[in-house]
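Protein chains in written order, with the numbering used here: chain A, 79 to 408; chain B, 79 to 408.
Just to be clear, a hint being listed does not mean it is correct.
Copies of the same chain look alike in the list, so a pair counts if it works inside one copy or between any two.
Said to hold, decoys possible - Calculated pairs, DSBU-like style, for lysine-lysine (alpha carbon to alpha carbon, straight line, at most 30 angstroms):
1. 188 / 139
2. 378 / 328
3. 339 / 329
4. 276 / 329
5. 339 / 328
6. 371 / 110
7. 329 / 286
8. 276 / 339
9. 82 / 378
10. 286 / 139
Please keep in mind that the hints were generated in silico from the structure rather than gathered at the bench. Here the structure is a predicted model, which means the values were calculated and not measured.
Protein chains: 2
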Amino acid sequence: MTNKKAVLAARPEGMVKQSDFNISDNEVEEIKEGEILVAIKYLSLDPALRGWMNEGTTYIKGVAIGAVMRCFAVGEVVKSNNDSYKIGDCVSGLLGAQSYAVSDGKGLTKCDLTKGPLTWHLGVLGMPGMTAYFGLLEKGNPQPGETVFVSGAAGIVGSTVGQIAKIKGCKVIGTAGSAAKCKYLVEDCGFDAAINYKEEDVSEALSKHAPDGVHVFYDNVGGPLLDTALLHLGRGARVVICGAISQYNKKPFYGPSNYMKIVTARGYINGIIVFDYISEYPRAIDDISSWLKEGKMKTKEHIVKGIESFPEAITMLFTGKNFGKLLLEV
Amino acid sequence: MTNKKAVLAARPEGMVKQSDFNISDNEVEEIKEGEILVAIKYLSLDPALRGWMNEGTTYIKGVAIGAVMRCFAVGEVVKSNNDSYKIGDCVSGLLGAQSYAVSDGKGLTKCDLTKGPLTWHLGVLGMPGMTAYFGLLEKGNPQPGETVFVSGAAGIVGSTVGQIAKIKGCKVIGTAGSAAKCKYLVEDCGFDAAINYKEEDVSEALSKHAPDGVHVFYDNVGGPLLDTALLHLGRGARVVICGAISQYNKKPFYGPSNYMKIVTARGYINGIIVFDYISEYPRAIDDISSWLKEGKMKTKEHIVKGIESFPEAITMLFTGKNFGKLLLEV
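Same shape as in the complex, but just chain A:
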């Protein structure tokens, strides 16, 4: 049995390049006592991967040069020396960019396929969905009738945030980088307005769509868009920093010069680290699964094929070429 894998070859300076990865093969190892072998079905391509390619971050170590690239994945247990897992179980976790993973089972989650198909466990029912759910509800505290503004709204986190905010009775505005994505947000996801940041003046559009100001700003993007949003904060606004995808490949990292607007808005800026909520994932999965089944929420996937596509796929995240949760089918 052969394991095909994407290995980190170089630490990128600036934009991630396909040459930062090598594709290689190795013989699948024999599993030891307590271990399982997982045949990986899908890899998840998330913006967080860019940070993990660096030497180190504040909350998780960087991937070593020559090591399999860290990423979330789902797969099926095909061998087991661990009583907690039996052959045929579907699991998700940081299994890495490869076709087979040996694991001691720690940090893995069993995927309950009654909640949704396997791929959803990497998206709307996985880390991105949990980030949306807990970031919005626990850190943004949206109240019915308030205006929620989401950047990077056509991404899996952004579209989930916006749809949960709608379910909670908020007015929802989002930004995206194409007319098709904006149409999707309004027509499929039920957003009240979508702003194409590449074509429209975001500040003007916010003045129009959020005349009383933004009460919750959920930021996936950072950069000048964050500065613009700060100008439109309403009284008592909560800013939830989730990511800064516009900046992950840039140096210097853009600092928001309008940060003092949080003072006059009498609001606060905080952020979401999803791992803090692991023990509460089950209720979020139950809620989101129900909303999806009831048709109150939609999710969209963009699937590329083969481990050899991994280096190209990761660059798509930062150019906005994907439309829907980006997955790689092994």
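Based on these hints, arrange chain B on the given structure of chain A.
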């Protein structure tokens, strides 16, 4: 009776200049029904004045060209057609940079001289003291044993913040721009450490003095110092934005590129607008007055003389030439 006044002559671009003001005289007006005449004793020179010289800000209108410069002042009622005020009352409020002010009494506060001398009512018992008290206690929520870091610590706000934090059982570190100011902070104000930001590497000094991180950062300064402080936040840190004196004369205004550190610190950034606490000033004045009388707190004043010194005095705030609360004796 002649009123001498400092009038706004021009809106500064960048650093405030002495030529942005004219000194002129006018005859003191007769007071109408309901009005009082105040003989101003002291003017307060505060960083907020720089913002008021602009066209407008988010929370208060800019001063008109040709108008008396807005500033806090204290004085004595010398004529009264208002039953709420009698001759001899000492009052404080936005009386302006002049020697006599006509007022209808609205927005003025009577100074209780049993709480402290008249000048203190512009400093430690006035707006700066209130800003320190409510910003630290209501927005910073310091707990005993936590580490509080204050920028611009030798200023009236910073030194009051640090001393209140000490009274509340915190470890206190501050920055200032001279050896004499640092000595004052440690020897007179009881700070655990003072960092001369012009001579020392602030990040190295914070690593040494706050090895477990900063739990409350009270920022009066902004700029690169804010970015440095963000790197040293402890778990659950609160950042209280009070001001950004390093940036008020600059364009572009410096944005903190390390803002995402608030996310990994699981903290939040908020700020203080002191006017929100007007109804609660009495308890703050009681507390601070008691601490001063009991010798638990000290305050320092830097007094210049004569309205004609106003244009020069305002520039001192931004070059750090004053040492102690800057006041102008009329």
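Comparing the hints with the structure gives:
no. : hint      : result
1   : 188 / 139 : within (25 angstroms within a copy, 59 angstroms between copies)
2   : 378 / 328 : within (28 angstroms within a copy, 46 angstroms between copies)
3   : 339 / 329 : both (24 angstroms within a copy, 16 angstroms between copies)
4   : 276 / 329 : both (21 angstroms within a copy, 26 angstroms between copies)
5   : 339 / 328 : both (25 angstroms within a copy, 17 angstroms between copies)
6   : 371 / 110 : neither (40 angstroms within a copy, 73 angstroms between copies)
7   : 329 / 286 : between (33 angstroms within a copy, 28 angstroms between copies)
8   : 276 / 339 : both (24 angstroms within a copy, 28 angstroms between copies)
9   : 82 / 378  : within (27 angstroms within a copy, 70 angstroms between copies)
10  : 286 / 139 : between (43 angstroms within a copy, 24 angstroms between copies)
Checked against the numbered hints given earlier, the structure breaks only hint 6 and satisfies all the rest.
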